[in-house]
Structure formats: structure tokens, C-alpha cells
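Colleague: Protein chains in written order, with our numbering: chain A, 1 to 106; chain B, 107 to 212; chain C, 213 to 318; chain D, 319 to 640; chain E, 641 to 962; chain F, 963 to 1284.
Since the hints were made in silico from the structure, they are not lab data.
Only a predicted model underlies this, so the values are computations on that prediction, with no experimental measurement involved.
Ideal Cβ placement from N, Cα and C applies to all residues, glycine included.
Watch out, some of these pointers could steer you wrong.
Short, incomplete list of chain F residues facing chain D, as computed with Cβ under 8 Å [what the hints assert, rightly or not]: (1) Lys999; (2) Leu1007; (3) Gly1087; (4) Arg1129; (5) Leu1139; (6) Gly1154.
Residues of chain C clear of chain F, computed beta-carbon distances all greater than 10 Å [what the hints assert, rightly or not]: (7) Ser221; (8) Asp230; (9) Thr240; (10) Glu242; (11) Arg247; (12) His283; (13) Ser308; (14) Arg314.
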Amino acid sequence: MQAMPTITSRKKLELIVDRAHLRRFIETLERSGVRGYTVLESTSGKGTRGAWLPDRLTDATDRVVVVAVAHPDAADHVLEDLGALFEELPGVAFVSDVQVLRPERF
Amino acid sequence: MQAMPTITSRKKLELIVDRAHLRRFIETLERSGVRGYTVLESTSGKGTRGAWLPDRLTDATDRVVVVAVAHPDAADHVLEDLGALFEELPGVAFVSDVQVLRPERF
Amino acid sequence: MQAMPTITSRKKLELIVDRAHLRRFIETLERSGVRGYTVLESTSGKGTRGAWLPDRLTDATDRVVVVAVAHPDAADHVLEDLGALFEELPGVAFVSDVQVLRPERF
Amino acid sequence: MDHALSTLLSPVVLFFGLGFGAGLLRSSLAVPEALAKGLSLYLMLAIGFKGGVEMSHAHLDADVVSTVGLGLGAGFGLPVVAYALLRGFTRLERIDAASVAAHYGSISVVTFVAASDYLGGLSIGFDGYIIAVVALMETPAIIAGLWLAQRGQGSPRRRGFDRELTREVFLNGSVVLLLGSLAIGWLTGDEGMRAIEPFIGAPFKGVLCLFLLDMGLAASTRLRAAGGLELRLIAFGLVMPLVGATFGLVGSALCGLPTGTAILLTVLCASASYIAVPAAMRVALPQANPAYSLTLSLGITFPFNIVVGIPVYTHLARALLH
Amino acid sequence: MDHALSTLLSPVVLFFGLGFGAGLLRSSLAVPEALAKGLSLYLMLAIGFKGGVEMSHAHLDADVVSTVGLGLGAGFGLPVVAYALLRGFTRLERIDAASVAAHYGSISVVTFVAASDYLGGLSIGFDGYIIAVVALMETPAIIAGLWLAQRGQGSPRRRGFDRELTREVFLNGSVVLLLGSLAIGWLTGDEGMRAIEPFIGAPFKGVLCLFLLDMGLAASTRLRAAGGLELRLIAFGLVMPLVGATFGLVGSALCGLPTGTAILLTVLCASASYIAVPAAMRVALPQANPAYSLTLSLGITFPFNIVVGIPVYTHLARALLH
Amino acid sequence: MDHALSTLLSPVVLFFGLGFGAGLLRSSLAVPEALAKGLSLYLMLAIGFKGGVEMSHAHLDADVVSTVGLGLGAGFGLPVVAYALLRGFTRLERIDAASVAAHYGSISVVTFVAASDYLGGLSIGFDGYIIAVVALMETPAIIAGLWLAQRGQGSPRRRGFDRELTREVFLNGSVVLLLGSLAIGWLTGDEGMRAIEPFIGAPFKGVLCLFLLDMGLAASTRLRAAGGLELRLIAFGLVMPLVGATFGLVGSALCGLPTGTAILLTVLCASASYIAVPAAMRVALPQANPAYSLTLSLGITFPFNIVVGIPVYTHLARALLH
Ligand SMILES: Nc1ncnc2c1ncn2[C@@H]1O[C@H](COP(=O)(O)O)[C@@H](O)[C@H]1O
Ligand SMILES: Nc1ncnc2c1ncn2[C@@H]1O[C@H](COP(=O)(O)O)[C@@H](O)[C@H]1O
Ligand SMILES: Nc1ncnc2c1ncn2[C@@H]1O[C@H](COP(=O)(O)O)[C@@H](O)[C@H]1O
Ligand code: NA
Ligand code: NA
Ligand code: NA
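Pulled out of the complex, with its shape left as it was, chain A reads as follows:
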């Protein structure tokens, strides 16, 4: 018989940014207390700068998706910092509510 696992609310941050700027966004996340993240590659998309396709020769046009589940306090911090960073660098960010197992990890 297993004990029912503890489920707790956390925030999921999703960022879609240029790969060339990934390091700066990761630094921003970490500075705000986000303790884990996962990066996925995007293969095409469209935004205010128009549609893009991956360029096979240079990675200059590539976009990545960063997923980070974090404590709501950390998420608030991140959003503040992202607001400033997005004045300089292109990209999109959104936040939603998730329930997690083992909340002490986030």
C-alpha cells in the first residue's frame, strides 16, 4: 500500500527565445532563484518578426523553448527581470499553474 503523494502548487514558466540569447535568459532565471529548467528545440514558428524556418547553415535564426517549474516567489522575480530583458532581446514568455510531486525540489 502506498501513501498518497503530496501534491503542491508551483508555477511553470515557458520562454521562447533565440538560441543565441539562451545563456542570458538562463542567467536571469538562476539569479531569480529558479533551481531547474529544461531546454527544447523549436523547428519553426511565427511571431511579431514574422515566420521563421531553421537555417541549415547558421544557427543564427534558431529558437529554443525553456520550461522551468519554480516556486511562485521565484516566478514573480523572474517575471520582473524578464520584463526588463525583453526590452533588449526578442522573445515570448508565459506562466501557468502546475501541481508537482516532491515540492521541496522547486
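Since the structure of chain A is provided, determine the placement of chains B, C, D, E and F with the ligands on it from the hints.
Modeller: Okay, now just chains B, C, D, E and F with the ligands, sitting in the frame of chain A:
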């Protein structure tokens, strides 16, 4: 000192469809007023048509994930149109609530 | 004129696990009644075991993201089983609410 | 018939067997997708170019017309036969049967290359224009398959021949690369060949070994999925190549084609597509389940042709056409 | 001028045309990204190594100094000319104009390789050290572009020359591989060449064909995006290579460079970057829209140079320098 | 000892150095993953096949038995020694120590290939069956590692030797490809070799250069991560290859193996796995941190063997066995 950024509710649409039909789904999104989207590749999965693995020789079996954050009105439109499209083409779609920075973009 | 499609609540499970253990996590999902899932590849990330980069020579360090939309009952089952599995294998899991078209599929 | 043994002992077939066995045993051996696709581009570029250079030497005669005629006949006709067999003897529904039928009317470039390599080993020559026939046979079957799927349907087709489909049918990558390389080989002739022979000539057979290792892995992965198929469907995957081969052999004999060309045409008729047609079917017949066609064409017919079909067709053609 | 015809009929240019045509017609033909990147590494390794082996034979003379000088002059100077043209005649804003200008001050390795292959066909020799000049010309234009973008801006640059940018500018993959292979070729000389010639020598031209097939696809995809560009911007993509070529030709004549070396330097001046500079610009000028520069350099200038530019510059250089 | 200098000046080692240096300086130079995996398949196919062709000439003698015996001895025995060293001198826990130990009992195919290439340069021959020993030495260490991890644990292992693990241990891709290519080479002999030599023979050394460029990048990326490791652990990465080499040298001397074969066996004992064992460990010991083993085997031991180890072992073997 930074101003607290404005956070606003939007809808996140997620579609999992065959890559061969991607263009038609994108057209449906755009017709309904969705202004941006991001495409990711899936590498395996399972659904009503059974499990699939990517076929190295033809892309015929590939699936993609489309993520689009949009205004709730646009999302409603999309769902109506997707209902019709899914009668013809296979795939899965779901919607959730997200908070965004810079809401005027969506 | 199209009928408004039916929208119903379901749960979205997201797992981030080592590719080497994917099969065991999928088995767990299926045992709990999850009827579909999609696997995406991650290209880098960070967690309690530190940051990782894909190793070009062996796939030993690769992580995958599993997305599965399921009935809330199935989702509850999965969470219980995952709680036990995570005592043995590394990884992260979270759940959120989504609205779906064609709810009978999930 | 020690040809058979010598086929089985060629490195090309042995590497296919290695991949096939590794796949059946679920070895972790894997060829990256990008490499497999790259090797396939290389093979098409190489055989197209060589065919073109050949053609720049020969003057075309009446054989060209009969070979093209037979090829197109097979492309449009074999799907109809396949469809009738599938509907008569298996439980496949209209759409799925039409989709599978289209695969069998089209061709497998790799089977063709393996056959031409086999002929090379036996010093049997063939005409360069057969490469053009390979390209021409890629797509008519798609049109035949669509016609079979829609025949007798009350409602007209919804979206017509749209952009995506045109692209897959008429501007399919394999067709474009084969015909394009053929044209370039024809235009640049021997001088062109001298320039790129060390890339497309000498190493060709070795590259083919590596590619067939991958094809063995791919075929066995598909074959493992065949467990779920009805037995008669599996039988179809073994009978249909023989039907195609019979058409090719008899046709070649009637038209008096030279042996090498006849054998290759027979192999084309006997082989089934697993690249161009699946892609077109996803677009044209999204309701069809790709698992049926890929399991049959790649998991059953392809290995059958590589190991058994090619030497048998060759043996028969030599007996029949001498 | 039957050189022109013979360029157009070389397999290398024909495969470029095949890819370009396939892309314009939206064929499903595609080269996997990993293969394209792999081919590009191969080409740089091969030309770097060959250049180094060449250099191990020659003793360097004053020509080296003038060639390097002209190369650096072009790298720093051409962006300024390009920027002036763009600001004077097109609607591009400061940042975008600076970014495009940087692309035109830098070079395209593939154009260079195609040109050296063309010279090989005409039996025109050139000096090995020109490979070092290729590498040296990759990055000065980036610095010039940044200067143009920030000139006359009140606020100082925000983040300085950070780690990412340094990496893209000074430790750019192409620069490192070219210079590294050059050094290895120079160190190991003829013995090294004998060891790896069957990999980097004989098959080189064939690999180049496959790579240019891919470049044709990439260029036409970019060109299709040019529909949205203002006409004057497209004109810039055709005029700027001529400006660069003029600089290269006149400079070479003044310095008395040997014909082959002069032609290659001219091609370098006329070509525009689509690998190193775009990557650096994403980091250094995130506000610049990469679509402009890539469409111009890859969609317009690259095909122009491959098909028209190289034979024309060669013709002019031979007339001027004899 | 001008061998050492000549190793350092071979293109193979220089390209390794180029990749290593580029990685340490954080250049943007990168080899696509699919290409790296493809090159690694090529190398295994080529050495397997060549070994098989060799074996088809020779009749096997008692040396085979001793070489296989020494190889298996190393595979089972070296992990025990490594484990004892790690537990005695470093802070690694049981599970991590067992995992690292398993890596050092297994072998590195690339190190082996670099060594055989080095011997080729010195005209030192070796027996074809050593390739079979390479394959045989891939996996015993995994079993030894698991035993070390579970020794003295009260609770029995939870899941036994499950499907995944069997797959990684006995049907590991490298093992299957090496042994399969060996068998094909042995079956097809000289005729097979003539057919595919232009693919696996002549260009081999050049391909090896490109592969070692990538290995240099991979090794330096791992080495950069070594900053976090305790100093004694880093020392282990330098001492353990010497322990393995000593075992190989002394064993070879006692069994009277011919020099070339002895050197290669020594290199196998001295090298550590970074492909097969990490994959198996993820499945078998998920609690082990792969960072330790990969940093040590790929970041420290691999470069040490390539640059220092191979010439030193060769020197010692020649002194000892003459
Ligand atoms: N509304 C959206 N939903 C999902 N992804 C988006 C959205 N808007 C932009 N993106 C992604 O973010 C990238 C950059 O956006 P932008 O800078 O606005 O062109 C796009 O190429 C898309 O991949
Ligand atoms: N419940 C689900 N959750 C996540 N992905 C799904 C689900 N159902 C189907 N999919 C994805 O959608 C693809 C096509 O689904 P289907 O047409 O039902 O076979 C599958 O291969 C999966 O990748
Ligand atoms: N908070 C998080 N948000 C998103 N992904 C995470 C998070 N924590 C861990 N991960 C992912 O899960 C992988 C394994 O986590 P761990 O076992 O904690 O190192 C990491 O490499 C990340 O890709
Ligand atoms: Na056929
Ligand atoms: Na230039
Ligand atoms: Na070892």
C-alpha cells in the same frame, strides 16, 4: 528600480498533429486570428492509432507539437475550426490558461 | 454553420526523465490507464543533479519530455505510481488542467 | 544455382542481414536519421549521374519506348491488381487497400540499386536510361491509388489536388534528384564523370553496405510490428512482388528487351515504395493507416526482394530471354 | 567567352542549379541539416589542409603582405561603403544597415571553394596562403559593423564585448577550423597529404557537388523570401559584389598579385557571409532583423557570384593583369 | 624517442589537439551529433571488416587463446582494482565507484583505432583477431561493475537483468557492429575487400582525422567539467590507465604475444569506455552520477592515452618484448 510588469490572462493552445498536415493546421490558426506560434518536433508517441516511432526513411509518420498563445477570443474561434478539421485529419488539441507579459502581442 | 464543439476538462501530465528510463515511465503511464502520450527531446537542462548537456557519443545523458493528456482519474493513479518510481529513478513530473476537444479520446 | 549463394555472400547482402538480425534481436545498434537520409541522397545522386553519363554514350532506340511503356503500365496497372487482391483476400478497407496498392505500383530505389550492383557482379550490362524509368515509376501509382480510394464514393473529393500533394507527387525529392542528376550526367558526360568518380564511383559499393545495414535495421523494426497483421496480409507482401515480377518478365520478353534492362525492370515492378508514396499518402489519404503499407513494403517485401527476389528474377530472366 | 559556358556546364554549378530550381519549385527535396553542416566542415578541413601543405613548399614573399593587407582593408572598408549605399539608397534603418554591411565585408567560404575549383578547371594556380586570408577576412567586418551600429549613439554600448561575442568573433568555428587545418597541413606537409589525400583530395569535387545541391536549396528558400524586400535592396545584393570585386581587382593590380591569387581575393571581396556573421550579429545586434542579411547574402549575392560573378571576375582579372 | 614527436606530428593527433584546443577556448566549432555517430559507425565497420579479412588469411594459433584470456581477465579484473583504488583513495561512494570502475574495465574503440593507426605508421603488424578481442572486452566490465555495486547489499537487486540491460550489455551496438563486420570480412575475404576498399581503406585515415577533431571537442567539454572534481579523482584518471597498461604489458610478455598484438592489448587495457558502459550504467545503476565516469574516461584518460599513452606503451612493449 523596475516597474512591476503587467501580467494578463491568455489562452495557450497545444496541437499534436501529423507533420504532413502542419500547413493546414497553421492556416486554421492564422485564419482565426492567432498571431504567433511555435512548432516542436515529437520523437515518438501513442494515440488512438497506436504507438508510433519516427520512420528514418520517410517523414510520413512524424508528429509535431504546435504551441500558440492567443487572445481568448481567437482561441474560441480556433477551437470551432479545429472541431471541423479533426473530422478529416488525425490529431489532438488542448487549451489551458496562461499569464503573459506584454499582452498586446497576443 | 458549425456546432460549437464540446470542451471538457482533463489533466495534462508532464514528465522530464532520462531517456534510458523512458520505457519504464511509459509502462507506468499505461498501467494507470493513460491512453495517449507524446515524447519530445530535450537538448539541455539543469536539475538537482546539476546542469547537463547532451553527450554526442553516448545517449546516456539524454533527457526526454513526456506529455500525456488524461482523464483526472488516470492522472491520480499515475501520480501515485510515479511517487514510488521517483524513489528509484531520477526525474521531474507536474500536472495541470487543460480543456480538450473530443473528450472521449482521453 | 550458385548465383544465389554468391548473392547471399556479397558484402551488401550480408550487411543487410547484419542490420536485420541486430534489429530483430533489439540490439541498441542505430544509424542516425540524418546519416540514413544523407546516404540515400548520395545513392540517388550517384546512380542518376552514372545513368546520365551512360546515356550520353548510347543513342536511344525503340527499347526506350517499350521500357517506359512497361514502367508506366506497371505504375498504373499493378495498383489495380494489388487492390483487387487486397479487397478479395484480406480484411483491409477501401482506403487502406488503396494506399497499400499505391505502394506496390511504385518502386524502391534501394532494391533497384542492390539489383544493379548484383548485375555488376555477374558482368551483366544494362542501359543508362533505365534510371529515367526508375524516376518515372515513382509516382503514377500514387494517382492510381487515389483513383481507387475515391472510386464509387458519392461525395466529390474535398480539396482537389492541392499544393502539398502536387509537391509530393510531381516534385518529390527522389524524382527531382534522380532526374536532375541524370540530366547533369548526360550534360557533362565523361568529363563530368572523371571529375566526380572518386566520390560517386569507387566508394559506391562500400556506402551501399552501410546503407543496407541501416535498411536492415529499419526493415526488422517494421517486421516486428507485423505480429499484429492478419496472415493473409503478410502473404500479400510475398505474393505481390511475384505478381509484379511476372508482369515485368513477361512484358520484357514480349518487347524483346536486353537481359540486364529486363531484369532491372522486373525488380522495379516487384519492389514497393517506402519513401515517396508514404509521404504522398499522408497528404492525400490521411485516413489511411501508414502502419499497414510500411510494414508490408519495408518489413516484408523489401527483405524478400533483397535476399530471394533479385537472384530468382535474374535466373528466370536469363532462362526466359536467352 | 566560352569560359562562361564551361562554368555553367561544370557539375558543381549544375548541381547548384538543380538545388536552386528544386527549391524554387518547392520540391520536397531536402538535405538534412547535420549533413549540410558536416559537408561544410569537410570542405573547410580540406581546403585548410591543402593550403597548409602548399605553404610548406613555398617561401613566403611580399605578395603575402599585400594580400593580407588588401583582405583586411576589404574587411574593414567594404562595410563602410555598403553602409553608405544602404543608408543612401534604401530604407534600412541604422542597425539593420550596419548588420547587412557587416555581412558584405566578410566572406563566403563556399563561393571561395567554387572559385578555386573553377580555377583548377582552367589550370590557373594560386598560392596556399590565400586560405589564411580567407580565415583572416571572416571577422574584421563584424567589428566594423558594430562600430557602424553604435556610431553617433549617445548611450555607451550596454554589455561590451562579452563572452558570447568574443567566441563568435575570434573563436568562430570556421576561423578555427580553417586556420587549424592550415597549420596541420603546414606541419605535416607532403607526408600528411599522402596519408589523407584519399579523403580530402580525390573525392573533393564530388562532395562539393552534393554541398552545392544543398546550397542551391538554401539559397532559393531565402530568395523566395525576397518577395517582401524593397527593389533597391535587391539591387544592392547585385551591385555590392561588383563594388567588392572592383576593390579586389584594382587592389590586386596595384599590388601586382599573380593572376590566380588575384582572382580568389576578388571573389572574397565580392562574396558575403551567411555563416559566421549572422551568428555574431544575433549576439551583438539582437535588434537587427536577420531576414534582410540572409536573404541578400544567401538568396541573391551567393547565386549571382556562383553563376555570373566567378567567370566574369576571372575574365576581367586575366585581361587586367596580363 | 623521436616516436613521441612523430606521434604528436601525425595529422590524427594534431586534429585531436585542434578539437581539444578549440573546446578549451570555447570556440563555436561543433560537429553535428549525427555526423559524430556516423563516423563512429564507419570506423567500427571498417576495422571490423579489415580484421575479418585478415583472419581469413591466418590460421589461428595458441596466441588467440592467450589474448582472449588476457582480455577477459582485464575486463573482469581491472574493475576490481579500480574500485579498490577509488574507495581507498577518493571520496566516491559505492555506487559511483562501481560505475567508474566498470568504465575502466571496458575499452575505447577510438583509442584502439588511433593506436593501430600509429602502429601502421611504424610498420608494426598485428593479428586480425585482436578486433574480436576489442568486441569481447566491451562488456565483461559491466557485469563486474554491477557485482561491485551490489556486493554486501542486504536487499537483493530489485529488477534483475531486465530487457533494457541485456540489450545494452550483450546486444550493444558497438559489439554487434564490430563482430558482425568481422564475420562479413571473414566470409567475403579478399574479394569483399576489393569491392569496398575505396570506402573503408584509402579514406580511413582522413575520416579518422575528422572524427578525432570531434573527439577533441568532446573531451575538452568534459575536461572543463573536471574543475568540480576532487584532485585525487583526477589523479585516478591518469594512474588507472598505467595500471591497466601494466597488466596488459606483463600479461603479454608472460604469454609471449607478438609485439603489435601486445601493444594493442595493452592499449585496450589502458583505455576506458565512454559509449557502451555509460549507456548500460544509466539502466543498471540509475543512482550513479554519469558526470564522474564521463569526465574521467573521456576528459582525462582518453586524451592522456592518445597523446602520451600510445607512444609510451609502444616504446615499453618494444623494449620488453624484444
Ligand atoms: N503567440 C505566440 N505563441 C507561441 N509562440 C510564439 C508566439 N509569438 C511568438 N512566438 C515564438 O517566439 C518567436 C519569436 O517571436 P517574435 O520575436 O515575436 O518574432 C517566434 O518565432 C515564435 O516561435
Ligand atoms: N492523450 C494524449 N496525450 C498526449 N499526446 C497524445 C494523446 N493522444 C494522442 N497523442 C499524440 O497524438 C498522436 C496522434 O494521435 P492518434 O491520431 O490518436 O493516434 C499520437 O501519436 C501522440 O503523439
Ligand atoms: N524545476 C525544473 N523545471 C524544469 N525542468 C527541470 C526542473 N528540475 C529538473 N528538471 C529537468 O529534469 C532533469 C533531471 O533533473 P534532476 O534529476 O533533478 O537533475 C534536468 O536535467 C532538467 O532537464
Ligand atoms: Na512495384
Ligand atoms: Na566580401
Ligand atoms: Na580498459
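Colleague: Against each hint, give a clear statement of whether it holds in the structure.
Modeller: Hints, one by one, checked against the model:
no., hint, verdict
1, Lys999, "5 Å, holds"
2, Leu1007, "6 Å, holds"
3, Gly1087, "24 Å, violated"
4, Arg1129, "6 Å, holds"
5, Leu1139, "6 Å, holds"
6, Gly1154, "5 Å, holds"
7, Ser221, "35 Å, holds"
8, Asp230, "6 Å, violated"
9, Thr240, "13 Å, holds"
10, Glu242, "16 Å, holds"
11, Arg247, "23 Å, holds"
12, His283, "29 Å, holds"
13, Ser308, "27 Å, holds"
14, Arg314, "35 Å, holds"
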